[in-house]
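Please arrange chains B, C, D and E with the ligands on chain A, whose structure you already have, making use of the hints.
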Amino acid sequence: EDAVTIAFQTGVDPSKVAQADGDYEKATGKKINWRKFESGAEVIAAVASGDVPIGNIGSSPLAAAASRGLPIQTFLVTGVIGESEALVVRNGSGINKPADLVGKKIAVPYVSTTHYSLLAALKHWKVDAGKVNILNLRPSEIAAAWQRGDIDGAYVWEPALGKVKASGKVLTSSAEVSKWGAPTYDLWIVRQDFAQKNPDFLKQFVKVTGGVFDRYNKDPKGFASNPANVEKIARLTGSKPEEVTALLPGNVYPSLKEQSALLQKPFVKAVSDTSVFLKSQGKVDSLQADYSSYVTNQFINAALR
Amino acid sequence: MSQQEHVLPVPTAPAARQRTWGIRPLAPWQWSSLSIGSLLLLWWALSASGLVPALFLPSPAAVLTKLQSLVVQGYMEATLQQHLLASLQRMLLALLAAVGIGVPLGILIGVFPLLRHWLDPIIEFYRPLPPLAYLPLIVIWFGIGEVSKVLLIFLAILAPVLIATTHGVASVHSIRQQAALSLGASRGQLLRHVILPGALPDILTGIRIGLGAGWSTLVAAELIAATRGLGFMIQSAAQFLGTDIVVLGIIAIALVAFVLELGLRRLQRVLTPWHGKAL
Amino acid sequence: MSQQEHVLPVPTAPAARQRTWGIRPLAPWQWSSLSIGSLLLLWWALSASGLVPALFLPSPAAVLTKLQSLVVQGYMEATLQQHLLASLQRMLLALLAAVGIGVPLGILIGVFPLLRHWLDPIIEFYRPLPPLAYLPLIVIWFGIGEVSKVLLIFLAILAPVLIATTHGVASVHSIRQQAALSLGASRGQLLRHVILPGALPDILTGIRIGLGAGWSTLVAAELIAATRGLGFMIQSAAQFLGTDIVVLGIIAIALVAFVLELGLRRLQRVLTPWHGKAL
Amino acid sequence: MSLLQVDKLTVHYPGQPLPALQQVSLGLSPDELLVALGPSGCGKSTLLNVLAGFIAPTHGTVQFDGKPVSGPGAERAVVFQNDGLLPWLDVAGNVAFGLKLQGVPAAQRAAIVADTLQQVGLADAGGKRVWELSGGMRQRVGIARALASQSRVLLMDEPFGALDAFTREQMQQLLLNVWQRSQRGVFLITHDIEEALFLATSLVLMSPGPGRIVQYLRPTFSQRFLAGESVRAIKSDPEFITLREELLASLTRTQHEEAA
Amino acid sequence: MSLLQVDKLTVHYPGQPLPALQQVSLGLSPDELLVALGPSGCGKSTLLNVLAGFIAPTHGTVQFDGKPVSGPGAERAVVFQNDGLLPWLDVAGNVAFGLKLQGVPAAQRAAIVADTLQQVGLADAGGKRVWELSGGMRQRVGIARALASQSRVLLMDEPFGALDAFTREQMQQLLLNVWQRSQRGVFLITHDIEEALFLATSLVLMSPGPGRIVQYLRPTFSQRFLAGESVRAIKSDPEFITLREELLASLTRTQHEEAA
Ligand SMILES: Nc1ncnc2c1ncn2[C@@H]1O[C@H](COP(=O)(O)OP(=O)(O)OP(=O)(O)O)[C@@H](O)[C@H]1O
Ligand SMILES: Nc1ncnc2c1ncn2[C@@H]1O[C@H](COP(=O)(O)OP(=O)(O)OP(=O)(O)O)[C@@H](O)[C@H]1O
Ligand SMILES: [Mg+2]
Ligand SMILES: [Mg+2]
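Residue numbers (my numbering), protein chains in the order written: chain A, 109 to 413; chain B, 1038 to 1316; chain C, 1038 to 1316; chain D, 26 to 285; chain E, 26 to 285.
Chain A on its own, in the form it takes in the complex (with noise of 0.2 angstroms):
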């Protein structure tokens, strides 16, 4: 049969070296295109068009697509955001505390992940976000606008966020975030027909993810270290390699077994949180009743067996 185009997007995570091996198409038998994306929107853009059956987004753009009814679901996830994103207050912007936000310039590339790790953070810390100057702007404006002094914080990931730590301190992190009961995700999500009619596909493409993140779980800095990788996660993101070895640890990759339990409720929870908080924020006009059908971990559990 023919071939599957799969989006992916640049986020830095272990199972790039088995894409970069070929470990995908060796396991599962068939030719893949993979294809670069920029952001969540344009992945889901291209899945709907029908001609991306696979692809890899946030789980802010996640909970978009499902409150608009997309067929799709999640099978795997590609990482808990952890350190990997954070939020970091320039020095000398006066800023050291959560209540000192309010009236400062934060920027944000609007619906990234980060977007609404930042606004479950101000909700936390109580702090109204309407009274904090939030900023659309991507990660390459946030630095130049940083170096400027235009903005006074910035809820960015890598390598951004290097930039503005080596002059800002680091206020939270989406690790934190997460304990707060908002946790941020890297997902795979699939259209429902392909899922139906390729159930093998993803069962093996489930499995070469697993398999990676095992080796990287077993010896993290190991697996960061080894030039080898870095070199390939450097080649298909576009990242620098020096940058891959620190980018790595910065999320947590669960293992098949820990996913086959996060699948189910609590992702569905967190999915559905992240759909109301949207619905508060007007970015969708209405809610699923449930979420669960837009997440299975049918092909994890088919890749344990």
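Simulated from the structure, these hints should not be mistaken for lab results. Among these hints, one or two may not hold up.
[As the list claims (entries may be wrong)] Chain A regions said to be covered by chain B (calculated; three or more residues, Cβ under 8 angstroms):
#1 143-153
#2 252-263
[Said to hold, decoys possible] Distance condition first, Cα-Cα at most 20 angstroms in a straight line; then the derived PhoX-like pairs of lysine-lysine:
#3 A:K212 to A:K234
#4 A:K139 to A:K315
#5 A:K377 to A:K387
#6 A:K348 to A:K273
#7 A:K329 to A:K340
#8 B:K1314 to E:K153
#9 A:K287 to A:K234
#10 B:K1314 to C:K1314
#11 D:K260 to E:K260
#12 D:K153 to C:K1314
#13 A:K348 to C:K1103
#14 A:K213 to A:K273
#15 A:K231 to A:K387
Ideal placement from N, C-alpha and C gives every residue a C-beta, glycine not left out.
Just chains B, C, D and E with the ligands now, kept in the frame of chain A:
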């Protein structure tokens, strides 16, 4: 429209009845309405047929409903009117700057070869650059305020205006320049009284093209820390698959741009009635 | 350049010596090189002075080093040459389509008022739309293949070409059309032998403007699941603040665009030497 | 029977106080050389534009060969007061243009062009660009273009206005020869009374404000020339001189009246 | 002393086999009405373009008032063979253009314009757009524009070519009156021998291939007209007729030679 209506076979002669190709049972505006109507019909048919999922092409009815909420409650903390106003301000400011700088500069470039050779590489360097590519540099140099946004739109309008003006200067019949010079026109007077009006038809067309380019840079410009603006609204909504808002934003842009375009065309007809006349 | 060199005060008369404003101690290309040289100098000075951090404006030396690695090892699985080739192919395809469709359509619109009234709203509707706004719709309808990318660039080039062509048609002296018609020109012949060549100066200028617009849409177009292309390269690097690669991409685009522009200008001089002659 | 016929023609340019032409009726038969003479602004070019099909009458009718004229056509070649040459073609290309439109093969075309250029005294200028020509040369290219076409009628608006006396006489004689040989009807506008008398088989004198025909003559001098009589002899014929003075007086009278 | 002077003037258009002018020397004094006569393409317009400063000589010098001419200037007004009117101005605006450039106040300008338009017979046409004019009207606007300017020299390229006999004579007389009153030097190109003889105080006959002066005359008919003699009387004077025939013969001879 009467001046430009009858290009063939009798373009100039404004005699009582003129020959046109084909019959015209309908008035121009009727034709145009028909065309817009058919567009709307197509939209309705596409979304009603279910060929395109509502997620990507919401039905006219859904968009209308959304329009109401946008006008009343707004989106991203601003109503549609406020978004529109913010964008319109940026556009007009950029347009003003682009015309104010582009037309004189284009004329000077057209007239002074030296200046052309000097500026040419610079203009030709910036002209093809994708705004998305140099956005960080704009931010670093001009910050995240209005200046950066207007600058980006300005740059998009400037290039067509400049090129069209230079082209227009080259189109000014040399005999008209000679006539003015031998009536004692100074360089400045020549520019003011002969070259500028002679190039005017082209300049106005350049502005029309430039304005289109400016609008289509709006989203990129409003990527820079905007809190209001049609581009900002569209872009925010697009991220959340809010296609209804995207469609509304698109329609709003199209409408405003269309009104400006019609104004420019009228200006062109009023200011340059001689255009195309063989003299 | 000699034809357009001397716009004032003696634009036509190609007599042996002609009067120009000012002196010209240097040849045109020397002036241009000087201008490019000063740009480079400015770059070097800016980055050496530390006024702009290397993160946003890498030094010429750093970029040069990166160039070597880009040419030899490449970035994102393709060398600079391959990225360039991919983008160039898209551009040329889009240009071909835009000229192939825009010029005939523009001529027909200029000639048939009916067609104009019909198509005008449609053209004016799409023209100001920011590509970034309708990117998702393009993907939905045309997928993530080459078609979508070329389409986006095509749309950017089409508008200026269309408008300039229509403008050009209106610029064709009516007496020339009358002359051809009374020599028995059919409608087709009139279009082919009088209106097309008469509009040619404007059409070529429209293409020049359009090409610039096309290039600046490149990044947006290559946001769509590209695996190669200068826009894709720039975009990928920008995500990781790889400014050296961004700068290289920008320079590559500027260079290629400049070469195309020079070619078009030469074409314009060769094809329309009568432009601006008072006849 | 008239080949080209206007009846009760009125042309009123929009926005103008007076019609440019009012109630003009006129016919041109295939063997006729009809000359229109009249002061500047009396509507001569307007009449020609109507005959050519460039302007539709405000009132009245125009017919060619019994059928209403609905636009320009190959059967009515025009020489313009402003040459109307195509600058993207060289001189030969301009002269060949009508033939090319009609699909005349290249070789035949080249022969006709060479011949016609020779006749108008531009044998060497075929390769020149239009903007390299002097005023008189350009006018002759315009004449050559019309002559080379295979029209049944020639409509000429002051075709010899920019020519020196010698060339002008040559062109007049060329026109008479072409007219005799080809049996094309010719409508010619001139402001030169001598030229009008010498060429015309029919001559209309027009008057402005609004434009109309005030006099109709049928001179015979062109037939005498074609029969072999010398130009000098004809032009010094007392009949010629009398007519010339009469016409001049008429013209002067109408213009004095108008001025008053 | 000459106001405008060319010495050993040669003009060679690039790419042309022959120079358009070769070794032409000529002077125009402030009280002179210099007429250039010659066949089409002999370089008359080229000479005028050099005098006007539109073309620089390939060899030789041009001087105005003893200073080298380096370009066009207000002291040398030009009437073009192709009118060169500005279509964005109406008729009055075109005529007023030179005055406006010189900073003449609006009221004074309006008076001059009205007067000049009256003189060229276009008193009512001031508000018309340029493209609403007939050929002859346009030419007269061009003449009016030059007359209204405050130049010291008038350079006129076939200024009366598109005019009917009556208007033409009026314009000739107008020119003579203006010339006499204003003591402007006039350089005028014509292809009409009678016109040349009637107007000229100096007359050069030019010949093509390459363009040069072959004859230089000093007719006195214009002085006689200004002294009060009637036009008819002058033009039927045997001296006038003889000179006219001689010039025609000269012209014919040079053109025959050339053709051979
Ligand atoms: N711009 C030009 N480029 C090349 N050749 C030219 C140019 N202008 C004129 N010529 C040539 O120079 C010669 C003289 O031209 P010019 O216009 O001076 O003639 P003229 O005496 O004014 O003729 P006419 O009475 O027909 O107007 C002609 O052979 C013409 O072809
Ligand atoms: N396009 C036009 N619009 C308005 N009025 C016009 C137009 N063309 C001509 N006229 C007017 O119509 C009248 C007749 O003009 P026309 O050109 O027919 O004169 P003509 O007899 O050819 O004169 P000439 O000998 O000067 O060429 C003039 O008063 C002129 O102003
Ligand atoms: Mg006329
Ligand atoms: Mg001449």
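A quick look at each hint next to the structure:
1. 143-153: Our answer is that it holds, as 5 residues pass the Cβ test (under 8 angstroms) against chain B, meeting three.
2. 252-263: holds (count 6)
3. A:K212 to A:K234: With Cα atoms ~16 angstroms apart, A:K212 and A:K234 stay inside 20 angstroms; holds.
4. A:K139 to A:K315: Satisfied, since the Cα-Cα distance of roughly 17 angstroms is no more than 20 angstroms.
5. A:K377 to A:K387: holds (15 angstroms)
6. A:K348 to A:K273: holds (18 angstroms)
7. A:K329 to A:K340: holds (16 angstroms)
8. B:K1314 to E:K153: holds (15 angstroms)
9. A:K287 to A:K234: holds (16 angstroms)
10. B:K1314 to C:K1314: It holds: about 15 angstroms lies between the C-alpha atoms, which stays within 20 angstroms.
11. D:K260 to E:K260: Status holds; Cα separation ~16 angstroms.
12. D:K153 to C:K1314: holds (15 angstroms)
13. A:K348 to C:K1103: This hinted pair holds, its Cα atoms lying about 13 angstroms apart.
14. A:K213 to A:K273: holds (16 angstroms)
15. A:K231 to A:K387: holds (15 angstroms)
Checked against the numbered hints given earlier, the structure satisfies every one of them.
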